[in-house]
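Novice: Please model the entire structure based on the sequences and the hints provided.
If you read the protein sequences in the order shown, they are chains A and B.
Mapping of the first sequence onto our numbering: position 10 corresponds to residue 10, and the numbering continues sequentially without gaps.
Mapping of the second sequence onto our numbering: position 135 corresponds to residue 441, and the numbering continues sequentially without gaps.
Since the hints were derived computationally from the structure, they do not count as laboratory data.
Quick caveat, the model's predicted, so the values are computed rather than measured.
Don't take each hint at face value.
Okay, the calculated beta carbon distance ranges per label pair [stated by the list, open to error]:
#	chain 1	residue 1	chain 2	residue 2	range
1	B	A465	A	I288	19 to 29 angstroms
2	A	R278	B	P437	16 to 26 angstroms
3	A	R59	B	P437	45 to 55 angstroms
4	B	A465	A	Y187	48 to 58 angstroms
5	A	R59	B	N557	35 to 45 angstroms
6	B	L491	A	A56	43 to 53 angstroms
7	A	G126	B	M466	48 to 58 angstroms
8	A	F123	B	M483	49 to 59 angstroms
9	A	L4	B	R506	52 to 62 angstroms
10	A	K63	B	F588	25 to 35 angstroms
11	B	L471	A	L4	26 to 36 angstroms
12	A	Y187	B	M466	49 to 59 angstroms
13	B	L433	A	D120	37 to 47 angstroms
All residues carry an ideal CB built from backbone N, CA and C; glycine is no exception.
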Amino acid sequence: MAQLLQHLINGLAAGTIYALVALGYTMVYGVLKLINFAHGDVMMVGVYMGYGTAYALGRQAQKSVLGVVLIFLVAMAGCALLGFLIERFAYRPLREKPRLTSLITAIGISFALSYGFQLDIGFLPGAAPRAFPEIIQPTEWLIIGDRDVVVWNWQIMSLLIAVGLMVGLQYLVFKTRFGRAMRAVSYDHRVAALMGIPTDRVIAVTFMIGSGLAAGAGLLYAIKDTSVNPLMGLFVGLKAFVAAVIGGIGHVPGAVVGALMLGLVEEFVVGYVASTWRDAVAFGILIIVLLVRPGGLFGRVAAEKV
Amino acid sequence: METSSVPRTVSGVPPALRGILPVLVAVPVLMALEWLLSGSPFAQQLTYRVGVNVVLAVSLNIVNGMTGQFSIGHAGFMAVGAYVSSVLSLSLKEIALSFLPVAVSDQLFFITALLVGGAAAALCGFLVGLPSLRLRGDYLAIVTLGFGEIIRVIVQNTAMFGRALGLSGIPPATSVMMVGFWVFLTVLVARRIAGSSHGRSLWAIREDEVAAEAMGVDTTGYKVRAFVISSFFAGVAGGLFAHFVQVINPNSFTFVQSMEIVVMVVLGGLGSTTGAIVAAVFLTLLPEALRSLLPMLTEEGSSLSSRVDQIRMPLYGILLVALMLLRPQGLFGTKELWEVLPRWLPRRRKGLA
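Specialist: Following this line, the structure appears as structure tokens:
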């Protein structure tokens, strides 16, 4: 029983990280109908930005509250800028082209980032995994019994951040002027442009928000995992994408639910089957979901426009 | 008396010979190549690599280029073929058919192993393709990528496939003749498909799936068939690969491997068979050429030339982005080599082979 509870907690904690990355996927997909393959790699770049900032601050300052806030801000702002640049120079010129071209571009960017960061030329970090500094001291927040069940402070923290961001995004999308513009662009960006909505700006800002979220999620992941490497974005990104699809891509709460489900299932596979099977589970679930409900749990299947 | 009903061809080749003419040309060429390369193991290995990559690129082009469905899990099918044929070869290693010379008997086993590997890959292609090809757009890319990863995890957890260590001691059965034969067969099949009514349906699906469906094309059926053919050849390529590197493990067939093939297809032009061939040859030889050129050009060349492999992958990514921005149809588009050659070279007549 205690073991089950512990697995539940760990699974939820893993799921919240996926949820944060999945939110970015879902937002970009909702507005652009583009699977931003490079999203996970933007997250990885964010982690390295945070890593660099932490080392620039030094051992003492990086552990203070101000230092942590600064690390998060630098990484998120840097990634927002990176997202803006990618959108401006790689996706915008292709917006009226077939979707396959954008997909290939996205894969290309993902490849260039993840393998480019493996080079050890100049400021690039090289392929070897690095230890992420302990900017938040992991402490046990709740202990039940004789350490049967342990809840860590970072688990609570990431859960709160994920839920808070989800609520915030829901508010942004459904209650603000900008959100209305986003929904209009998502529905039909040509007509939206005719109605006087600055389509390009809306898409760019959506991209920046998504990329900033990715950086934040990446830092939480790095705090948990403590080891960072240039290929981390590829797999976390793919799993987050799977989570977004499970929930119905383009649907904000769906992404969170899908991510939590994925986290739980993975944790149970590790706990009760074998850890080596973990990576196959996400894709197995993806295939099953796509077969049974192609639109995801909360999504609707869009009618084909002829 | 002269019969005027016999069609005369422009090329002057008698009609009866036209079907086997490529074979008549290819066999001596391959034999000469085999004899030329027999002195240099390095050149031989390079030829094998080029051949295997050509088979992979041309077969992926049937799905990605002709059908317009974006599959990025080709390495998964390659892995299936490689592992199945290797296990078969390893278990048949000690046996020889006594009524045949040893060499012939070995080659017979090798062909069988390749065919079984290809068939296993084709079966996987069917199992993956049937459900996922009903999906439209980008989902297929993710599902095929996921399939590649699932294969890797399965191999890593199966004792028969040597788990993470992989298989070693696979008999080095690959020969220039064999690689050449499969290159020839793959290209022939791809060209035949392109010109057939089956191919016409594939092109229709590529251009507009909804319209094709409306015109009565069984889109899922055609897509699945193209996918199965493509994975068969990927499996055979995997078998050929396994039988010259002699050691395979799950890390030989990663996402990176899949992406290399995708880059070849995209660079050559989605839908152009000769484009895929040219790109495959070019991209296989380029790193080797750089490796031998760089030390000559630079003082501390050794460190630079060892970086060729490191730089290759990010370069492929940038190449993909640049191609999509500047020339999204690839170098040749859907055209074949002879359609883009300069004016003064002899051209093939209009129409597909």
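Novice: Does each hint fit the structure? Answer for all of them.
Specialist: Hints, verified against the model:
1. For the hinted restraint 19 to 29 angstroms between A465 of chain B and I288 of chain A, the CB-CB distance of approximately 27 angstroms keeps it satisfied.
2. For R278 of chain A and P437 of chain B, the Cβ-Cβ distance of about 23 angstroms falls inside the hinted range of 16 to 26 angstroms, so the restraint holds.
3. One distance hint, 45 to 55 angstroms for the beta-carbon pair R59 of chain A and P437 of chain B, holds here, with the actual separation near 53 angstroms.
4. For the pair A465 of chain B and Y187 of chain A, the supplied restraint of 48 to 58 angstroms holds, since their beta-carbon distance comes to about 53 angstroms.
5. At about 37 angstroms, the beta-carbon gap between R59 of chain A and N557 of chain B stays in the expected band of 35 to 45 angstroms.
6. Remark: the range hint 43 to 53 angstroms for L491 of chain B to A56 of chain A is contradicted by a beta-carbon distance near 59 angstroms.
7. A hinted range of 48 to 58 angstroms for the beta carbons of G126 of chain A and M466 of chain B is inconsistent with their spacing of about 37 angstroms.
8. Distance hint check: the CB atoms of F123 of chain A and M483 of chain B are about 50 angstroms apart, consistent with the given range 49 to 59 angstroms.
9. Between L4 of chain A and R506 of chain B, the C-beta spacing of about 57 angstroms keeps the proposed range 52 to 62 angstroms intact.
10. K63 of chain A and F588 of chain B have their C-beta atoms about 52 angstroms apart, which leaves the hinted 25 to 35 angstroms range violated.
11. Checked against the given bound of 26 to 36 angstroms, the beta carbons of L471 of chain B and L4 of chain A, roughly 35 angstroms apart, stay inside it.
12. Checking the proposed 49 to 59 angstroms range against Y187 of chain A and M466 of chain B shows it holds: the Cβ atoms sit about 52 angstroms from each other.
13. Range check, L433 of chain B to D120 of chain A: Cβ separation about 42 angstroms, and the 37 to 47 angstroms hint holds.
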